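Following the UniProt record's numbering from start to finish, the sequence shown increments by one per residue and tops out at 544.
For the record, the hints were derived by calculation from the structure and aren't laboratory data. Values in this document were obtained by computation on a predicted structure and should not be read as measured data. Some hints could be false.
[Said to hold, decoys possible] Derived BS3-like pairs (lysine-lysine); straight-line CA-CA distance at most 27 angstroms:
| no. | residue 1 | residue 2 |
| --- | --- | --- |
| 1 | Lys85 | Lys68 |
| 2 | Lys226 | Lys314 |
| 3 | Lys85 | Lys226 |
| 4 | Lys68 | Lys139 |
| 5 | Lys248 | Lys166 |
[Unchecked claim] Using C-beta positions, here's what the derived DEER-type ranges look like:
| no. | residue 1 | residue 2 | range |
| --- | --- | --- | --- |
| 6 | Asn332 | Ala476 | 22 to 30 angstroms |
| 7 | Glu182 | Thr307 | 43 to 51 angstroms |
| 8 | Asn541 | Pro35 | 15 to 23 angstroms |
| 9 | Ser48 | Pro246 | 51 to 59 angstroms |
| 10 | Asn541 | Asp496 | 17 to 25 angstroms |
Virtual Cβ for every residue (Gly too), placed ideally from N, Cα, C.
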Amino acid sequence: VCFPFPIFPIYTLPFRGLGSVRFIGPLVSSVEETPYPISTVIKGEIPSWITGSFLRNGPGRFEFGESKFNHWFDGMALMHRFHIKDGQVTYSSCFLRSDSYVQNAEKNRIVVSEFGTLATPDPCKNIFAWFFSRFQIPKATDNAGVSFVKYKGDFYVSTETNFMRKIDSVSLETKEKVDWSEYIAINAATAHPHYDRDGATYNLGNSYGRNGFFYHILRVPPGDGKNDVADLSGAEILCSIPASDPRKPSYYHSFVMSENYIVFIEQPIKLDPLKFMLYRVAGKSFHKVMSWNPELETIFHVADRHTGQLIKTKYYSSAMFTLHQINAYEDNGYLIMDMCCGDDGTVIGDFTMENLQASGEELDKFFNSLCTNLPRRYVLPLDVKEDEPNDHNLINLPYTTATAVKTVTGVFLSHEDLYNDDLLQYGGLEFPQINYTYYNARPYRYFYACGFGHVFGDSLLKMDLEGKKLKVWRHAGLFPSEPVFVPAPDAKDEDDGVVMSVVITPRESSFLLVLDAKTFTELGRAEVPVDIPYGTHGLFNEMS
Numbered sequence: 001v002c003f004p005f006p007i008f009p010i011y012t013l014p015f016r017g018l019g020s021v022r023f024i025g026p027l028v029s030s031v032e033e034t035p036y037p038i039s040t041v042i043k044g045e046i047p048s049w050i051t052g053s054f055l056r057n058g059p060g061r062f063e064f065g066e067s068k069f070n071h072w073f074d075g076m077a078l079m080h081r082f083h084i085k086d087g088q089v090t091y092s093s094c095f096l097r098s099d100s101y102v103q104n105a106e107k108n109r110i111v112v113s114e115f116g117t118l119a120t121p122d123p124c125k126n127i128f129a130w131f132f133s134r135f136q137i138p139k140a141t142d143n144a145g146v147s148f149v150k151y152k153g154d155f156y157v158s159t160e161t162n163f164m165r166k167i168d169s170v171s172l173e174t175k176e177k178v179d180w181s182e183y184i185a186i187n188a189a190t191a192h193p194h195y196d197r198d199g200a201t202y203n204l205g206n207s208y209g210r211n212g213f214f215y216h217i218l219r220v221p222p223g224d225g226k227n228d229v230a231d232l233s234g235a236e237i238l239c240s241i242p243a244s245d246p247r248k249p250s251y252y253h254s255f256v257m258s259e260n261y262i263v264f265i266e267q268p269i270k271l272d273p274l275k276f277m278l279y280r281v282a283g284k285s286f287h288k289v290m291s292w293n294p295e296l297e298t299i300f301h302v303a304d305r306h307t308g309q310l311i312k313t314k315y316y317s318s319a320m321f322t323l324h325q326i327n328a329y330e331d332n333g334y335l336i337m338d339m340c341c342g343d344d345g346t347v348i349g350d351f352t353m354e355n356l357q358a359s360g361e362e363l364d365k366f367f368n369s370l371c372t373n374l375p376r377r378y379v380l381p382l383d384v385k386e387d388e389p390n391d392h393n394l395i396n397l398p399y400t401t402a403t404a405v406k407t408v409t410g411v412f413l414s415h416e417d418l419y420n421d422d423l424l425q426y427g428g429l430e431f432p433q434i435n436y437t438y439y440n441a442r443p444y445r446y447f448y449a450c451g452f453g454h455v456f457g458d459s460l461l462k463m464d465l466e467g468k469k470l471k472v473w474r475h476a477g478l479f480p481s482e483p484v485f486v487p488a489p490d491a492k493d494e495d496d497g498v499v500m501s502v503v504i505t506p507r508e509s510s511f512l513l514v515l516d517a518k519t520f521t522e523l524g525r526a527e528v529p530v531d532i533p534y535g536t537h538g539l540f541n542e543m544s
């Protein structure tokens, strides 16, 4: 199903050293919140046309009293706001006052289970109550530390359970807790929705019961962003997809959306519900209840975005693993899907605090056990006729080497690599972003991402798909976060604008970095005089 964390699959490379930075503990250490905006020190120049707030999310507190979280993904959500106006930047941050945070703080110990940390029973319970508590299914966490999302124009923070929290995007105040199941019959939804140009939001959720396990494509209608209370009314299920194996549903983190289609990728990372219960009884955490099954196919379920009708053709590929899609669009009867992928999903849940706080050779060893994600293109022919011959490539596009071969059971897809060998020296890439406002679900040329030459991203990359050419921003000892593209107000070209990233360093002041998206050179930075931990996802909220 889905969990609140970014996972990194494996692509085997030669042994890689971590250079001068052999300890990254400060990137995953607890910090204090900064609830009131503070000034930053500007170096260079922040373009005066940028007016708005760069909002970020991620873990920021890793212990309560003597009890500590075992896994990076378990840290309490810390929301960040960089407000930009007239070339100046202020910074503020607030912990999400989730039920998980409040209950942990009240007890001064961890009392709510997270992905990699099982809450210990109340020491005041008697032995019988303690024993039987092992057989209770833990409630889903509302520690929404993955991303900021928008529904009906309102801002929420999200994880991958059935809970979100409405947020005041200016003060970062925590508002109402939202339970998806009160609006629509699902048990969870992703933290990576898509938005259409009319303001509607699409997402992927799931449900399970006596009829089996289902994946659901969801739609929430547009709104004006002026709701006093959280409002998901009008949410509907467009399409329901039964799991290929109802006993072991697949993990997913996001999905694909083009102008007219939505694609759910059912990958061979499987959740074992029986193991889930056994781990609970044994007092173990849940981050190892998933398994990689390379003998299974990856299945691409395609649905019409407007009618919810599933395409009957079965599209499948050899086993692969994906977290984040780059973009998808239609061209001459084909659906082109670009995404970050790996061929081995065995390393799941290894971002433990123990591993991340290792140093020297131990950190090297952990880094080399990890993966490198690489960008790929899959192409799906949308109109496959029954009389098409088998073992024949159905793709007839001049700009791709991806293939789609009709077989007895469906259409087998082989990908095109969207990179040249020079990408490998930067450790592959993840956290891809595009000019979403104007080019999402449309033909495009550029995307931006973090290069992973370290445990966390240590470079920013711009990929030009015409020739697969790279531009790189990289400085030793600096760890940039997911890049976000902001278009210039008078933009004529796809890459007219800036790329923003929050850059974390174990030794010096962290800062908001602003790059010229076209040249990929630094325009300016805003240095922050307080500690900031490494985060996950964010967005730019343009303001007048």
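Task: Verdict for Asn541, Asp496 (Cβ pair) under range 17 to 25 angstroms - done: 20 angstroms, holds
TODO: With respect to the beta-carbon atoms only, verify the hint that Ser48 and Pro246 lie 51 to 59 angstroms apart.
DONE: 56 angstroms, holds
Open item on the list: What's the verdict on Lys226 and Lys314, does the C-alpha distance respect the 27 angstroms limit or exceed it?
Closed with: 42 angstroms, violated
Task: Pair hint outcome, Lys85 versus Lys68 [Cα-Cα no greater than 27 angstroms] - done: Violated, at about 39 angstroms.
Open item on the list: Taking the Cβ atom of Glu182 and the Cβ atom of Thr307, is their distance within the range 43 to 51 angstroms?
Closed with: Hint violated: Cβ distance 26 angstroms, outside 43 to 51 angstroms.
TODO: Would you check the hint for Lys85 and Lys226, treating anything up to 27 angstroms between C-alpha atoms as holding?
DONE: It holds: about 23 angstroms lies between the C-alpha atoms, which stays within 27 angstroms.
Task: Agreement of Lys248 and Lys166 with the hint, judged by alpha carbon distance not exceeding 27 angstroms - done: Between Lys248 and Lys166 the Cα gap is close to 32 angstroms, so the pair fails against 27 angstroms, i.e. violated.
TODO: Kindly confirm whether 15 to 23 angstroms is satisfied by the beta carbon distance between Asn541 and Pro35.
DONE: 18 angstroms, holds
TODO: For Asn332 and Ala476, compare the CB-CB distance with the range 22 to 30 angstroms and indicate the outcome.
DONE: 45 angstroms, violated
- [ ] Could you grab the alpha-carbon distance between Lys68 and Lys139 and see if it respects the 27 angstroms cut-off?
- [x] 19 angstroms, holds
In summary, the structure is inconsistent with hints 1, 2, 5, 6 and 7 from the numbered list given earlier, while agreeing with the others.
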